[in-house]
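Asker: Chain order of the listed sequences is A and B. Counting in my numbering, the first sequence runs from 1 upward without gaps. Counting in my numbering, the second sequence runs from 1 upward without gaps.
Quick caveat, the hints were computed from the structure, so don't treat them as lab data. One or more of the hints may lead you astray.
[To be verified] Each computed DSS-like pair below joins lysine-lysine, with the alpha-carbon atoms no more than 25 Å apart:
#: 1; chain 1: A; residue 1: K509; chain 2: B; residue 2: K267
#: 2; chain 1: A; residue 1: K625; chain 2: B; residue 2: K49
#: 3; chain 1: A; residue 1: K609; chain 2: B; residue 2: K67
#: 4; chain 1: B; residue 1: K267; chain 2: A; residue 2: K613
#: 5; chain 1: A; residue 1: K644; chain 2: B; residue 2: K196
#: 6; chain 1: A; residue 1: K323; chain 2: A; residue 2: K136
#: 7; chain 1: B; residue 1: K196; chain 2: A; residue 2: K613
#: 8; chain 1: A; residue 1: K621; chain 2: B; residue 2: K66
#: 9; chain 1: B; residue 1: K253; chain 2: A; residue 2: K621
Listed below are the residues making up each chain.
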Amino acid sequence: MARIGVFICHCGENIGATVDCFSVAAEAAKLPGVVYSVDYKYMCSDPGQSKIKDAIHEHKLTGVVVSACSPRMHEPTFRKACAEAGLNPYRCEMANIREHCSWVHEKGEATTKKAFDLVRTLVEKVKNNHSLEPIKVPVNKTAIVIGGGVAGIQASLDIANGGHKVILVEREPSIGGHMSQLSETFPTLDCSQCILTPRMVEIAQHPNITLYTYSELESMDGFIGNFNVRIRRKAKSIDEKLCTGCGLCCTKCPTKKIPSEFEQGLANRTAIYVPFPQAVPNKPVIDRTNCRYFQTGKCKVCQKFCPTGAIRFEQEDEIIEVKAGAIVLATGFEVKDAGFFPEYGYGKYKDVITGLQFERLASASGPTQGEIRRPSDGKIPEKVVFIACAGSRDPAKGISYCSKICCMYTAKHAMLYKHKVHEGTPYVFYMDIRAAGKNYDEFTRRAIEEDGAKYIRGRVSNLYEKDRKLIVRGADTLLGGKPVEIEADMVVLATAAVSCKDSESLAQKLHVSYDSYHFFAEAHPKLKPVETNTAGIFLAGACQAPKDIPESVAAASGAAAKVIGLFSNNELTREPVVAKINQTPPPVFSTCMGCELCMQICPYQAIDKEEIKNRNGEVIKTIAKINPGLCQGCGTCVAFCKSKSIDLEGYSNKQIYAEVMAVIND
Amino acid sequence: MGGRKMGNLNEIAAHLLQNDDVQLIIGYGEGSAGRVRPLFVSNKKATEKLLFDSRCTQNLASYLYKKEITCLGKPAIVANIRTLRGIIRLAAEHQLEDETIIALAVSTGDDVKELRRLEDMEQYLSEADLQLKKEDKALLDKLNAMTIADRWAFWQQEMAHCIKCYACRQACPLCYCTQCTVEINQPQWIPVASSKLGNMEWHIMRSMHLAGRCIECGQCGEACPANIPIHLLPIRLAEEIRELYGSVTGISKRESCEMSSFQPDDKEKFIT
Numbered sequence: 001m002a003r004i005g006v007f008i009c010h011c012g013e014n015i016g017a018t019v020d021c022f023s024v025a026a027e028a029a030k031l032p033g034v035v036y037s038v039d040y041k042y043m044c045s046d047p048g049q050s051k052i053k054d055a056i057h058e059h060k061l062t063g064v065v066v067s068a069c070s071p072r073m074h075e076p077t078f079r080k081a082c083a084e085a086g087l088n089p090y091r092c093e094m095a096n097i098r099e100h101c102s103w104v105h106e107k108g109e110a111t112t113k114k115a116f117d118l119v120r121t122l123v124e125k126v127k128n129n130h131s132l133e134p135i136k137v138p139v140n141k142t143a144i145v146i147g148g149g150v151a152g153i154q155a156s157l158d159i160a161n162g163g164h165k166v167i168l169v170e171r172e173p174s175i176g177g178h179m180s181q182l183s184e185t186f187p188t189l190d191c192s193q194c195i196l197t198p199r200m201v202e203i204a205q206h207p208n209i210t211l212y213t214y215s216e217l218e219s220m221d222g223f224i225g226n227f228n229v230r231i232r233r234k235a236k237s238i239d240e241k242l243c244t245g246c247g248l249c250c251t252k253c254p255t256k257k258i259p260s261e262f263e264q265g266l267a268n269r270t271a272i273y274v275p276f277p278q279a280v281p282n283k284p285v286i287d288r289t290n291c292r293y294f295q296t297g298k299c300k301v302c303q304k305f306c307p308t309g310a311i312r313f314e315q316e317d318e319i320i321e322v323k324a325g326a327i328v329l330a331t332g333f334e335v336k337d338a339g340f341f342p343e344y345g346y347g348k349y350k351d352v353i354t355g356l357q358f359e360r361l362a363s364a365s366g367p368t369q370g371e372i373r374r375p376s377d378g379k380i381p382e383k384v385v386f387i388a389c390a391g392s393r394d395p396a397k398g399i400s401y402c403s404k405i406c407c408m409y410t411a412k413h414a415m416l417y418k419h420k421v422h423e424g425t426p427y428v429f430y431m432d433i434r435a436a437g438k439n440y441d442e443f444t445r446r447a448i449e450e451d452g453a454k455y456i457r458g459r460v461s462n463l464y465e466k467d468r469k470l471i472v473r474g475a476d477t478l479l480g481g482k483p484v485e486i487e488a489d490m491v492v493l494a495t496a497a498v499s500c501k502d503s504e505s506l507a508q509k510l511h512v513s514y515d516s517y518h519f520f521a522e523a524h525p526k527l528k529p530v531e532t533n534t535a536g537i538f539l540a541g542a543c544q545a546p547k548d549i550p551e552s553v554a555a556a557s558g559a560a561a562k563v564i565g566l567f568s569n570n571e572l573t574r575e576p577v578v579a580k581i582n583q584t585p586p587p588v589f590s591t592c593m594g595c596e597l598c599m600q601i602c603p604y605q606a607i608d609k610e611e612i613k614n615r616n617g618e619v620i621k622t623i624a625k626i627n628p629g630l631c632q633g634c635g636t637c638v639a640f641c642k643s644k645s646i647d648l649e650g651y652s653n654k655q656i657y658a659e660v661m662a663v664i665n666d
Numbered sequence: 001m002g003g004r005k006m007g008n009l010n011e012i013a014a015h016l017l018q019n020d021d022v023q024l025i026i027g028y029g030e031g032s033a034g035r036v037r038p039l040f041v042s043n044k045k046a047t048e049k050l051l052f053d054s055r056c057t058q059n060l061a062s063y064l065y066k067k068e069i070t071c072l073g074k075p076a077i078v079a080n081i082r083t084l085r086g087i088i089r090l091a092a093e094h095q096l097e098d099e100t101i102i103a104l105a106v107s108t109g110d111d112v113k114e115l116r117r118l119e120d121m122e123q124y125l126s127e128a129d130l131q132l133k134k135e136d137k138a139l140l141d142k143l144n145a146m147t148i149a150d151r152w153a154f155w156q157q158e159m160a161h162c163i164k165c166y167a168c169r170q171a172c173p174l175c176y177c178t179q180c181t182v183e184i185n186q187p188q189w190i191p192v193a194s195s196k197l198g199n200m201e202w203h204i205m206r207s208m209h210l211a212g213r214c215i216e217c218g219q220c221g222e223a224c225p226a227n228i229p230i231h232l233l234p235i236r237l238a239e240e241i242r243e244l245y246g247s248v249t250g251i252s253k254r255e256s257c258e259m260s261s262f263q264p265d266d267k268e269k270f271i272t
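Extracted from the complex, chain B is given alone in its bound form (with noise of 0.2 Å):
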């Protein structure tokens, strides 16, 4: 199965960089095994092997802050939603800042969106679909409507696969922190062999650390090579704080973390 050329993402990219807009397209191109993976163009030839196709479903707004990209020149990325919501919450934590990127967005078919500025981010934000995956949505329904016991156990044996290899931190656009918890050895917060203490600890950290922030893109259990289901942590935090709070995230570069502000206005049920 090929991935459908499109003209237009092709032409686009070439332009960006023929004009010297930018230095580097971070966008998608053919893997192996009928996969698509991560694609870094900085000439304008190998622009043709960039693709867009309903495989490209990976966040690549991680990329915007690894070293060894951000050393490229300025990027353009070829955007999904994810993608987007990605870049908003990353530039509303001040990671980004405005115009130093322009997002290539493919959501839909043939009809690839320059956005220079973070508000056309936010514009084009405003008008997508931002549901979760129908069959996220499945397992987060089955979850909760388990027993607690129930829930802890079904987590328990999950984590119980998890081999630390911290594909979730790498995948995840947020897990931007140059020192990581659990590489603090003084003191060691979380063991670092796999167990089934740290583990947990690892996994509940990871959540707590992002609640309030998650963009629910689900990359972190998409790069999961032990097939857990952890994405639906941070995602049933960031339903929790919808509830509460009625915010949603990587929508807007001005938006807090509802973990770290406090309106007099709101919500206190989870005091007795």
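In isolation and in its complexed conformation, chain A is listed as follows (with noise of 0.2 Å):
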């Protein structure tokens, strides 16, 4: 017989000052089953959660209602108080008579009869109530890290440091991502390559770390602690133990004009390549689409040549299975391409060029070698046009979000042209200067002030070329929109930081949530910046929307923070309100027909098969089978089943009925 315990708080007046608690404390005590029933100020309290515990030694009880505030904040309260006195915890239950009473409600007996019918329908969901074990998964302590930019580094490094095994996943031939194009950084102008390189070898020496270049993400599945990912390592066409990186093959491969990447276009590469000297590991890879022997079968000259014998044509795609407990996202940005701006020639004018190829010409290893010239004939320019927001901040063009980073580059490349150019004038078209950050407004000052940086408050309206020059026209906004007309040399777009493109795919892949622009969705914008949805998958950098050097890097040690915080326990433990299959034992029986359609329909892959055997291990059923450390409660599979062989702990339909038989049986 159920021996229900009901403790009405007042919470202050927030409560009280609109339902009368007492006189429903007194209509709750005549319920049956209730042997208990009292109000009280502050039930949260230490006296308050003190009469509930002593309430459950008293009088014996077998289930509590607390009807107070949301659970969201106090549930775990109140369980944990009936756990102290041991009854199990998920015997208590809360029925929420503020903010879905009091504080939406004027005062008055209509309000005070709500509240107690709250009370009444939660009472009959108690007395429903079993006990329930907390459950239990292992974790393993291997982090993947997806992406090896500038964050995926640091959140490899951090974990390893950590005492942790990494697995870190590259696209690429290299890491470095885009950091490692950059020639300087704002606001202190140090090499980006200076700095990043140490990490880069870092990484390939770290005794910790794995390091998969070359190499996607195929699929995942699994959950917190527990994840199963295939990787699929794209045949680099050599054999890497053999390699010595000597780089001969590179110099003797025919195929040489193939737009680089890594110089974004200004210079070319082979088809077998290294994208950059500092590149690690530093060994080349065949790219096949690009590659004579692959396209017409007849070449093979870097076999040829290659002193050890390293170079493997027939070698295929490997899909290599590693678990992991954590996974870090640390896909980046890409910058939005070409035929996206045709009103500012990019793509038409040779010397319309982003901001991503001006790092590479003021960088000391670019193609120029960090002097500026421009790319139509070289020369240097005298006068050049930065334009910032070019897709930023325009929704007309999709894209409504700032770039972030476009401001404070601008004014890096502003001062870098200066700097290497100093008979050079600099202008600067811009919407606003964005230079919220340490040191960061400084910077900008320092470029209009110091250096001299010609900013003009307007858009450019038209662009085009006249006599090997670039017009660009637009309009003083700060001059009452008087027109202004620049004869430039060269015009560099601060193009919009972009998603990846196969972001959607990889985050479906995932099961991870992303916006309407394809960034990584966080779990919480203010407190939970580097959680996913996804229980035991984190974000770090850019993949999450555009960040700046400094942001991702202190995202990426964020996230590895998390991952080492998941790894300090041997197992985790999960609220038991999971779904499950009724099963009987034995002999094992379930109405579970095992038509599979729940199987489809679970939003977290949490059911799979499983095959009932009878005793002579024949089997006589295939039915469906739910893994608790997948499944987060949802209920889909329930409300699904035609056959209602699954219910939810803690949720289950005669619970739910009870409660709802409750409300309409006043």
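Please dock the two separately framed chains into a single complex, following the hints provided.
Answerer: Set out below in structure tokens:
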């Protein structure tokens, strides 16, 4: 027989001023099965909790209804109190008479009646509650980091230095990401490569890190602490053990006119190539779509010259399966491609380039050895126009957001240009200067005041080529819209930072949510910025939203801290509110018909098949099986199952039905 | 009016039994009062009684998983288009395995095709006419043209005749659950007795359980002793799903259920 205790909280004035808590408690005491009912000013306080504990002992309660605020905050408090008094915590439920009643209604009889109704339904539910035990799942203490840019590098090193194994997966032939392409970094103007390459080498040498370059995530299943990930290691067409990275093959390769991705098309590479001299690993790959042998069946020049015989034309993609407890997504961003800016003549005029291309021009290791020379004729430009917000903050272009890094790097570009071409003049067309960050505003002021960058607040309306000059027309909105025309030698577009092309399919493979721009979504914009909605998968860097280097690194360390926190436990404890397929032992019987439709409907891929065997070991039935480690207790399968063979622990059909019936049968 | 015996069908059936390819033939035989009835034949001699003519519209697929039939051994089943679609759908829902039954497809004339694999049945169906019966189409059009209030009144009046015999459920090839929602009494979702609300609840639930699965055979309506056109409910839902997602059921063993699957490009016009 159920012995229920009801505890009505006044929440100070929050509930007490609107609901007559005393009469709710008095009425509740008359409900069948209720053996104790009391109201109190603050149930969550120590004396309030003691009231519950004492009543459990004194009245031998089998269930508790705390009628107070939303369970979101204090359900754990009251369940813990019950557990301390020896009552299974899942026999305690909360009736929300604050958010659902006192806060949304005026004081009055009807309000008190509603509060009582809420209590009454929960009493009926609790009568059907039974004891549940938390679920324990083991934790595999290996992390997978996807993406080897600065965020992925930082996250990998932090986790590895925390003593855990890391598998770093990078799809390009080398790690380094966009940061390795940059010339100097704001706001300190320190050389990007100089600060990044030591970290890259550290990755390669770290005993806890396994690096898979030229590899991509193929598929993932499993759950927090227990992910199974398949990684496609694309054929590099070389034997990495034999290759010494001498580079002879690259110099001998006859296909030399392939625009280099690393140089942003400003220089060429060969078909067998290392993307840049500081690459990690510093071993070439064959780009099969451009390789003469793979396209025509004849060539093999690299094989002829390779001193160690490391070329492997017959190599195939390899799929490896790894297990991990956590995944960090650090896949970064892309810059918007050429076709996006017809109005700025990108792709049409050779001397209209993107910010990333300017980085390569300004880089000491770039195609011009750091001299600012325009792509069309190699001339040193006398006037350079920088256009900020090229695509960003432009709802008409479908990119409403601010790319965030452009104001700063445009100021940096203007500065670098001025430092390298003293007689040159940089012009910057901008909408606003967004320089929020440590030493950021000082930096942009320096570009304007010390380096003489001419900032024009306005947008460019027209850009065309005339006598080998680029005529840039716009308006200066600070001078009442006065038309401005500049005869520039080169134009640099601060192109919008966008999500990677395949980020959507990656998100779907990992069951991670993403926003309308296909950036991965954090679990909470303020309080869970590096978590995703999928437990055990974390975010680092610009795959979440445009981020600069310090922010990416900070997020990466944040994600690493979450991973290390997760790995500090040998097993995870999970709420036992999960779905279960009915089974009666033995002989095992289940009403599940094995139609497998619930397997499709489960948003968490938590349902698998299970074979039921008889005593002779023969399979008599194949039924669904829910993995309690993966199940999030959403109840979708429960609603869908035609034979009602699934039930949700803690929210069983019986419990909900009792609750609903209590409301109907007033 | 006597059934037109088909030498071809009977010969094949006899042959299958003789070779022990199957142990049972599920088909149609002459019943009483000029009607046909399901016939279960396990000896060669009795195959003479098998017939197929225009009266043989019943979907026999529902016998394929009934325990009292499955214990008789591997079956061959005389299959019209409806039965074939039922078989395919049952396979799609993992209730039948490939090559565990032989379908004797008889849609027209004397031409009996022996289909041993699901793939053969899919192939056969790909050339078949899957249109609704004319009278069903007419009534459906009439119902679609009604206002919501009139339609509701129509069904309330029809459902008032329901006696909760569950013949519709027994006839449906897709109602294979060993435990039906109506038989659960902890909690009792749907009242046992025939009542206005309970009848409506049962039929709405049955239709929802068939949404995205119904193969539009109309067997439930034919089985109804109260002559309620209940088959139009799941058929109407099938129409709706076809319109939304373009999918047809009972034609591929790999098909899913639109109600349990999600594709990023699914139309979401029902979300407003």
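Asker: Now tell me if each hint is right for this structure.
Answerer: Hints, verified against the model:
no.: 1; hint: A:K509 with B:K267; result: holds, 21 Å
no.: 2; hint: A:K625 with B:K49; result: violated, 45 Å
no.: 3; hint: A:K609 with B:K67; result: holds, 23 Å
no.: 4; hint: B:K267 with A:K613; result: violated, 42 Å
no.: 5; hint: A:K644 with B:K196; result: holds, 24 Å
no.: 6; hint: A:K323 with A:K136; result: holds, 18 Å
no.: 7; hint: B:K196 with A:K613; result: violated, 43 Å
no.: 8; hint: A:K621 with B:K66; result: holds, 15 Å
no.: 9; hint: B:K253 with A:K621; result: holds, 19 Å
When held up to the earlier numbered hints, the structure conflicts with 2, 4, 7 and fits the remainder.
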